[in-house]
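**Student:** Mind docking chain B on chain A? Use the hints.
Number of protein chains: 2
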Amino acid sequence: MKGSAVLNRRSIRKYSSEPLDEEMLVEILRAGMAAPSAHNQRPWHFVVIDDRSKLDAIMVVHPHSQMLREAPMAILVCGVPSKSKVPEYLPQDCSAAVMSMLIRITELGLGGVWLGVHPNPDRENGIRSVVSLPDGVVPFAIISVGHPDAEKGPSGRYDEDRVHRTNW
Amino acid sequence: MKGSAVLNRRSIRKYSSEPLDEEMLVEILRAGMAAPSAHNQRPWHFVVIDDRSKLDAIMVVHPHSQMLREAPMAILVCGVPSKSKVPEYLPQDCSAAVMSMLIRITELGLGGVWLGVHPNPDRENGIRSVVSLPDGVVPFAIISVGHPDAEKGPSGRYDEDRVHRTNW
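Taken in sequence, the protein lines are chains A and B. First residue of the first sequence: 382, per my numbering; consecutive thereafter. First residue of the second sequence: 382, per my numbering; consecutive thereafter.
Worth flagging that the hints you see were computed from the coordinates, not collected in a lab. Certain hints may be false.
A pair holds if it fits inside one copy or across any two, identical chains being indistinguishable in the list.
[What the hints assert, rightly or not] Straight-line C-alpha distance at most 35 Å; calculated DSBU-like pairs for lysine-lysine:
| id | residue 1 | residue 2 |
| --- | --- | --- |
| 1 | Lys466 | Lys435 |
| 2 | Lys466 | Lys395 |
| 3 | Lys466 | Lys533 |
| 4 | Lys533 | Lys464 |
| 5 | Lys435 | Lys395 |
| 6 | Lys533 | Lys435 |
None of these values were measured; they are calculated from a predicted model.
One chain only, chain A, in its complex shape (with noise of 0.2 Å):
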């Protein structure tokens, strides 16, 4: 069972200073859309940061971002609520989008980590002023990528106890 990208998947906060290529860029972007969506509705759109102004501004509104400091990129998942039917599954579609880009992300050999946007209010204005979002559209997470400057094994954290058999 080695070599499976899901379970060596680990969140990287330390990268070197090598760019990310567009051909990486588009593979992990092509993941985000790969993702599964209620009722196949898709309601989700990627915004690509890799200006240093616009990362030192996220770090900025964003508590928990510091690692952008050496991060030669950052990928904002949004929602749009509009364009799907079932608006009430927005979390699950955006959280799958970023889910398969992270997995990605592992499966190149690069390293991410998400951080968290929606549903803090600070920090959803704090990036829809950086990037200019329009109304309507919900920035519902982040995820800073790189080429990682340290390696993680699996976490292994399996745990029996939380799981149940047939009933709770």
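**Tutor:** Relative to chain A, chain B alone:
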């Protein structure tokens, strides 16, 4: 870029009659528990359902679950808000676990599909009753899983119009 479980994952609703062995089940659950969660709170539990009468009972209370007629197993992902100091991220945490499991299912050569439960009150109440969930536990989503009875190619759903650069 062949061989990516992330890109090859599809929603699989048709299964052969072959049951799922315990080793594969543990691999799938391990993937769920390898998912990241906000502040590493890991506020999820899993109910494994392979009892035919329970699977049939889910079909009565969930309107889009007819694939369970042939599925050998369903895994209910539950969220426990009281286990997290940031319960507002429960949908993200549970969705990350679901998505990790779905991609692991693909890695293992199995097939699965995500059935939304939360935040639909009728589905939540129905599922709660079928598997005797205690108060304070949220039935979040169901994964139907089995050996696939049909092959599906990658969806290839890439859409450049959803990608923005630096600003929206």
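**Student:** For each hint, tell me whether it holds in the structure or not.
**Tutor:** Taking the hints in turn, this is what the structure says about them:
no.: 1; hint: Lys466 - Lys435; result: both (33 Å within a copy, 30 Å between copies)
no.: 2; hint: Lys466 - Lys395; result: between (39 Å within a copy, 26 Å between copies)
no.: 3; hint: Lys466 - Lys533; result: between (41 Å within a copy, 26 Å between copies)
no.: 4; hint: Lys533 - Lys464; result: between (38 Å within a copy, 26 Å between copies)
no.: 5; hint: Lys435 - Lys395; result: within (19 Å within a copy, 46 Å between copies)
no.: 6; hint: Lys533 - Lys435; result: within (28 Å within a copy, 40 Å between copies)
The earlier numbered hints are all upheld by this structure, with none contradicted.
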